[in-house]
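S.K.: Protein sequences, first through last, are from chains F, S and U.
The numbering of the first sequence is our numbering, which starts it at 1278 and goes up by one.
The numbering of the second sequence is our numbering, which starts it at 1278 and goes up by one.
The numbering of the third sequence is our numbering, which starts it at 1278 and goes up by one.
These are computed hints drawn from the structure, not numbers from a lab.
It is possible that part of the hints are untrue.
If several chains are the same, the list does not tell them apart, and a pair holds so long as it fits within one copy or across any two.
Said to hold, decoys possible - Simulated crosslink set (DSS-like; lysine-lysine; CA at most 25 angstroms straight-line):
{"hint": "1", "residue 1": "Lys1383", "residue 2": "Lys1546"}
{"hint": "2", "residue 1": "Lys1412", "residue 2": "Lys1329"}
{"hint": "3", "residue 1": "Lys1383", "residue 2": "Lys1491"}
{"hint": "4", "residue 1": "Lys1413", "residue 2": "Lys1559"}
{"hint": "5", "residue 1": "Lys1476", "residue 2": "Lys1546"}
{"hint": "6", "residue 1": "Lys1590", "residue 2": "Lys1383"}
{"hint": "7", "residue 1": "Lys1546", "residue 2": "Lys1497"}
{"hint": "8", "residue 1": "Lys1590", "residue 2": "Lys1413"}
{"hint": "9", "residue 1": "Lys1412", "residue 2": "Lys1519"}
{"hint": "10", "residue 1": "Lys1546", "residue 2": "Lys1412"}
{"hint": "11", "residue 1": "Lys1481", "residue 2": "Lys1383"}
{"hint": "12", "residue 1": "Lys1519", "residue 2": "Lys1476"}
{"hint": "13", "residue 1": "Lys1590", "residue 2": "Lys1497"}
{"hint": "14", "residue 1": "Lys1519", "residue 2": "Lys1493"}
{"hint": "15", "residue 1": "Lys1491", "residue 2": "Lys1559"}
{"hint": "16", "residue 1": "Lys1481", "residue 2": "Lys1413"}
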Amino acid sequence: VGSVASPKEASNVAQGTLNNSFPLQDVLEAQQFDRDLLTLIFDVAREMEDVKRGSPEAQQLSGFLMATLFYEPSTRTRLSFESAMKRLGGEVLTTENAREFSSAAKGETLEDTIRTVEGYSDIIVLRHFESGAAKKAADTANIPVINAGDGPGQHPTQALLDMYTIQRELGHLDNIRVGLVGDLANGRTVRSLAYLLAKYDGVKIYFVAPDVVKMKDDIKDHLTASGVDWEESADLMEVAAKCDVIYQTRIQRERFGDRIDLYNSARGKYIVNSEVMDVLPKHGVVLHPLPRLDEITLEVDSDPRAAYFRQAKNGLYIRMALLKLLLLGY
Amino acid sequence: VGSVASPKEASNVAQGTLNNSFPLQDVLEAQQFDRDLLTLIFDVAREMEDVKRGSPEAQQLSGFLMATLFYEPSTRTRLSFESAMKRLGGEVLTTENAREFSSAAKGETLEDTIRTVEGYSDIIVLRHFESGAAKKAADTANIPVINAGDGPGQHPTQALLDMYTIQRELGHLDNIRVGLVGDLANGRTVRSLAYLLAKYDGVKIYFVAPDVVKMKDDIKDHLTASGVDWEESADLMEVAAKCDVIYQTRIQRERFGDRIDLYNSARGKYIVNSEVMDVLPKHGVVLHPLPRLDEITLEVDSDPRAAYFRQAKNGLYIRMALLKLLLLGY
Amino acid sequence: VGSVASPKEASNVAQGTLNNSFPLQDVLEAQQFDRDLLTLIFDVAREMEDVKRGSPEAQQLSGFLMATLFYEPSTRTRLSFESAMKRLGGEVLTTENAREFSSAAKGETLEDTIRTVEGYSDIIVLRHFESGAAKKAADTANIPVINAGDGPGQHPTQALLDMYTIQRELGHLDNIRVGLVGDLANGRTVRSLAYLLAKYDGVKIYFVAPDVVKMKDDIKDHLTASGVDWEESADLMEVAAKCDVIYQTRIQRERFGDRIDLYNSARGKYIVNSEVMDVLPKHGVVLHPLPRLDEITLEVDSDPRAAYFRQAKNGLYIRMALLKLLLLGY
């Protein structure tokens, strides 16, 4: 990590490099980001909100080609990346279901696929069902790779857009109280979010989860080691009354297998509804990585503190920022 | 319906509005169109036929992004819309099979999906398997929605291109005799066409259908109430000899379930072949919404009055016109 | 075949024609190419390697629309064509799985589908599961058709990129010794390659294949009739020591059905590994149409004579060249 162009970047952005190259060659995991880097990305994302149709800024990535290589479908994430690329004038090669990629089906390794696809594109956005796939792809590729989720592993752009949304909604990331609610055991978004929050000062985290999906010890230990104050609670109302951010998540049925009884008991336990909104501070916000089922009731949608659709939109700005930074620098 | 910009349009076309805004915010059903509106759309469609590669007209929608959200596959309709957008310089986000949209599969509502996708695009083209889905999407979205078919419901752009083709081929829409042939019970295109024809003067409609798929009473009643002369006939030759337009349709096997005997007897009953062409007036035309099986024989294709492939092409111009009108006005 | 524009081309490239029109209207099979035509295509492909982002050359096909109509998935080939089109400023309509094209599923003929799709696009790239489908499409279409593989039939752009790679790597196509290795019975790429090699002087071909997948007599007879020297060998080491090019191919499991014993014995027989590389001449190259399994070991990848990923990249330049030649001439 440094401010000089890496060989990978240099070979790809020779014609378009701005004054400063982005210190990362690839975006693979939340652990790559420190406060300075987050500030840089969020500043660029903020500029992206103001890119106007027909302006030179809307053509910054003209001539660049992004390949979206999705080994499992995730239409939301795919459309968000593709919109980001096109909003900056770039072009896209799409693979909605690369798992049936004829070559993969015939037994080709991911590395060979990457070596082929990098010949056709300038940046690869990879979604894969195996943890570590993005790292493997990045090690192979001579062009930047963005991890758009690798199985139970990482989904770093989601973590970035979550943090960006908190900053946009509250104005700051230090000295905030955040309630993480729902499926804390399986949700990679809450795990990454907790990790990034630990980089800021005066953060207090509340975990509110059904017993079967409690936050795991590794994150708790990391928070403790980082000096972050945290506690577990079984009372969503009490937590909501104290928090700046309630980050609700879906109980993921697909993780319960046949144990539908466990799923059902966990699912209804912590619902963000108008009673919760009544106690949430006026300046507070409710986030959710989406999709949501009924863990946030529809009546909440019209509350100005319901920020989850703004959050989804922020995913566009974060991805525009990352594409620009990886391909052009800043 | 009025000539002032609605909030929905205003927020989206602030930078590109032409002198007049289109009175519709969304295109949802044939019932939205009166004669004036049809004339406006057809005039713009006619201009679209002359858009030249490399001209400023071919860049009118530059910087706009259309999302094609298809919950059931319809490659013909999808490609037609995407071609229309790209012929005007716009860009496209594609979802070929949104039913497997990870979020929909996880139980997300259509409304939530729309709220997300509208953050990534400027206009949504929706194909859905449920009647009323387009209306639901339009009520939610802050950007224009075009219904590209919602189950047994509406497919308004098909109805528009059918009418446009008749006008292009005959030069007028008043005082025409139209034979609607084939599956009149299940075909939403003939139902919408009958509805739109009723807006013109001196129209005479002949229904020629096997008994099991006769035109339903609601359309007959509407025609009668609108003062449109109509009759049923079992003699395609006699009808063809009197008509300006023969609109043939496919007997839809998928509607017959196990009753293959009924399907087979209905399927072969009314075929447009060279004998029918022999009695069709010289200025007459044969239309078909496609795909066709054998209800129009291949020998007919070379007859200049066989207009069904020109009709398919007109779908492009109608969709270019609608995209321009909804995004820019006129 | 001549140098005057055909009606098909003339109608489509009226605004963009260069001085000379390409003698082919469509690219359907390896048999269409003679030495002069190959030289022309390879010269243009060479120019394509130097097309710079942001240059006028990168906008040559601006305003043109390519439809990729794939009746069987082949992501590698599809992305290569789509990248080629976009690298020249053109746009793409994609169908990843046209076999489920609603119209085809309903019984529409390929000809009717082509007549519809040609209304939406300027050139069609067709991948089909039936031999002869590309010819059928080209006979119907009024726009150029490129065969991107039709079942057991032809895959001419692969043959062109193979030849181009040999020329790029060795500097010439006359007086070369080529070892064709692996599945020579089922591999259409080696069959087409043998066919094209026969057009050059002083070519010597070695066939190295397990007994169950030996090269068929038709190609051997054609080579003999063309005056090409060839022989069969069971000793890959001996052949490699004499060759300028080793063209390795995958044993295609899907061709063996239940006979897994036969597949397994064939699969491991001829492997390109470091021992083979040790005897291959210094100027020699190893090619492979990809995907590869273990018929070339990973240790070979770092050898500068391993040209198979450069070969994949050359597919991009060949397809850029063909798109330009068919749409604009030269």
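S.K.: Work down the list of hints and note, for each, if the structure agrees.
M.R.: Okay, the hints, checked on the actual structure:
1. Only between protomers do lysine 1383 and lysine 1546 lie at most 25 angstroms apart by alpha-carbon distance; the minimum there is 19 angstroms, versus 45 angstroms within a single protomer.
2. In the homo-oligomer, the alpha carbons of lysine 1412 and lysine 1329 never lie at most 25 angstroms apart, since the shortest distance is 35 angstroms inside one protomer and 30 angstroms across protomers.
3. With identical chains, the CA atoms of lysine 1383 and lysine 1491 are at most 25 angstroms apart between copies only, with a shortest distance of 21 angstroms across copies and 40 angstroms within one.
4. Taking the shortest Cα distances, lysine 1413 and lysine 1559 never come within 25 angstroms of each other, neither inside one copy (45 angstroms) nor across copies (31 angstroms).
5. Within a single copy, lysine 1476 and lysine 1546 get their C-alpha atoms no closer than 30 angstroms, and across copies no closer than 56 angstroms, so neither meets the 25 angstroms cut-off.
6. With identical chains, the CA atoms of lysine 1590 and lysine 1383 are at most 25 angstroms apart between copies only, with a shortest distance of 20 angstroms across copies and 38 angstroms within one.
7. Taking CA atoms no more than 25 angstroms apart as the test, lysine 1546 paired with lysine 1497 passes inside one copy only; the shortest distance there is 22 angstroms, against 54 angstroms between copies.
8. Taking CA atoms no more than 25 angstroms apart as the test, lysine 1590 paired with lysine 1413 passes between copies only; the shortest distance there is 21 angstroms, against 29 angstroms inside one copy.
9. Proximity of lysine 1412 to lysine 1519 under the C-alpha cut-off of 25 angstroms is found in neither arrangement, the shortest distances being 39 angstroms within a copy and 40 angstroms between copies.
10. In this homomeric assembly, lysine 1546 and lysine 1412 never come within 25 angstroms of each other (Cα to Cα): the closest approach is 37 angstroms inside a single copy and 34 angstroms across copies.
11. With identical chains, the CA atoms of lysine 1481 and lysine 1383 are never at most 25 angstroms apart, being 50 angstroms at best within one copy and 31 angstroms at best between copies.
12. In this assembly of identical chains, lysine 1519 and lysine 1476 lie within 25 angstroms of each other by CA distance solely inside one copy; the values are 21 angstroms within and 62 angstroms between copies.
13. Taking the shortest alpha-carbon separations for lysine 1590 and lysine 1497, neither the intra-copy value of 30 angstroms nor the inter-copy value of 48 angstroms comes in at or below 25 angstroms.
14. In the homo-oligomer, the alpha carbons of lysine 1519 and lysine 1493 lie at most 25 angstroms apart inside one protomer (23 angstroms), although the nearest pairing across protomers, at 62 angstroms, exceeds that limit.
15. For the homomeric pair lysine 1491 and lysine 1559, neither the shortest alpha-carbon distance inside one copy (28 angstroms) nor that between copies (61 angstroms) is at most 25 angstroms.
16. For a Cα distance limit of 25 angstroms, the shortest separation of lysine 1481 from lysine 1413 qualifies neither inside one copy, at 35 angstroms, nor across copies, at 41 angstroms.
Checked against the numbered hints above, the structure violates hints 2, 4, 5, 9, 10, 11, 13, 15 and 16; every other hint is satisfied.
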